[in-house]
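Participant: Sequence:
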Amino acid sequence: MLDLLFATTNPGKLRELRRLVEGMPVRVVSPADLGRPLPEVEEDGATFQANAEKKASAYARAAGLHALADDSGLCVDALWGMPGIRSARWSEPEAPGLSGLERDRANNQKLLLALRGVPPEIRGAEYRAVLALAAPDGRVVAAVSGSCRGRIAEGARGEQGFGYDPLFVPEAEIHREGHRPRTMAELPPAEKDALSHRGDAFRKMLPLLRQAAANV
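In my numbering, each residue's number is its place in the sequence shown (first place is 1) plus 58.
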């Protein structure tokens, strides 16, 4: 059994990973499960991959376990790729000190304001994610990326998911005939996993996790 530390305090991301490794000889460990503090890692990289690799390496060394870290975000066409690597913290200048659901709401509100008056046909966007896997000595052994194209809705819909999910309509939903397109936050978990950027990256990482588990 591979004990895999997932370097996140985001409960939504933890749930997604635990769903995706069901049936594998992998036990997902959260930072809270360790019972001791882990170092704060400043996400100061210029790319999603740089941030994911930095977090995975630092957490692996600190815990003495294999560690998986992700960095992900939303890149909006009409905003020249913003918020990008600043996605989780985009609203901080206007609303400092928020966390969790409050920060998600502030980020979503800022996005809606930034796209006010922008017609649907040019509200295209892409969710992107990079997952990095590090060995217990901190050596990064793999990094994979995933993406999901879609469009930003004109209002928030749905109670599931997190982050920008209430505003993000996946491309597969846009082209689904006979039904109102659903946002990521309206999709059941299994449907979201099949479409999402993180699900795409996780599926690419699964063979590498199986290999790591076989070598334990």
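If you are wondering where the hints come from, they were derived from the structure by calculation, not from laboratory data. Think of the CB as a built atom: it goes at the ideal place given N, C-alpha and C, for glycine as much as any other residue. Check before you lean on any hint, since a few could be wrong.
Unchecked claim - Taking CB as the label site, the calculated pair distances span:
#1 Arg85 <-> Val176: 28 to 36 Å
#2 Gln269 <-> Arg238: 37 to 45 Å
#3 Arg85 <-> Pro177: 44 to 52 Å
#4 Trp138 <-> Glu100: 41 to 49 Å
#5 Trp138 <-> Arg238: 43 to 51 Å
#6 Ser205 <-> Glu101: 18 to 26 Å
#7 Arg147 <-> Gly213: 22 to 30 Å
#8 Arg238 <-> Leu266: 32 to 40 Å
#9 Val176 <-> Ser205: 34 to 42 Å
#10 Gly103 <-> Thr67: 28 to 36 Å
#11 Leu266 <-> Gly182: 44 to 52 Å
#12 Glu229 <-> Arg85: 30 to 38 Å
#13 Arg197 <-> Glu235: 19 to 27 Å
#14 Pro194 <-> Arg238: 20 to 28 Å
Stated by the list, open to error - Quick list of in silico lysine-lysine cross-link-like pairs, DSBU-like style, CA-CA up to 35 Å:
#15 Lys168 <-> Lys262
#16 Lys262 <-> Lys71
#17 Lys71 <-> Lys168
Participant: None of the hints should be skipped; say for each whether it holds.
Facilitator: How the hints compare with the structure:
1. Arg85 <-> Val176: 28 to 36 Å: With Cβ atoms ~45 Å apart, the hint is violated.
2. Gln269 <-> Arg238: 37 to 45 Å: holds, 42 Å
3. Arg85 <-> Pro177: 44 to 52 Å: holds, 48 Å
4. Trp138 <-> Glu100: 41 to 49 Å: violated, 25 Å
5. Trp138 <-> Arg238: 43 to 51 Å: violated, 29 Å
6. Ser205 <-> Glu101: 18 to 26 Å: Once the Cβ atoms are compared, 19 Å apart, the range 18 to 26 Å for Glu101 and Ser205 holds.
7. Arg147 <-> Gly213: 22 to 30 Å: holds, 23 Å
8. Arg238 <-> Leu266: 32 to 40 Å: Since the Cβ atoms of Arg238 and Leu266 sit about 38 Å apart, the hinted range of 32 to 40 Å holds.
9. Val176 <-> Ser205: 34 to 42 Å: violated, 21 Å
10. Gly103 <-> Thr67: 28 to 36 Å: violated, 19 Å
11. Leu266 <-> Gly182: 44 to 52 Å: Roughly 31 Å apart at Cβ, these two residues miss the hinted range, so it is violated.
12. Glu229 <-> Arg85: 30 to 38 Å: holds, 34 Å
13. Arg197 <-> Glu235: 19 to 27 Å: Cβ of Arg197 to Cβ of Glu235: about 49 Å, so the range 19 to 27 Å is violated.
14. Pro194 <-> Arg238: 20 to 28 Å: Since the Cβ atoms of Pro194 and Arg238 sit about 48 Å apart, the hinted range of 20 to 28 Å is violated.
15. Lys168 <-> Lys262: holds, 32 Å
16. Lys262 <-> Lys71: holds, 16 Å
17. Lys71 <-> Lys168: holds, 23 Å
Hints 1, 4, 5, 9, 10, 11, 13, 14 from the earlier list are contradicted by this structure; the remaining hints agree with it.
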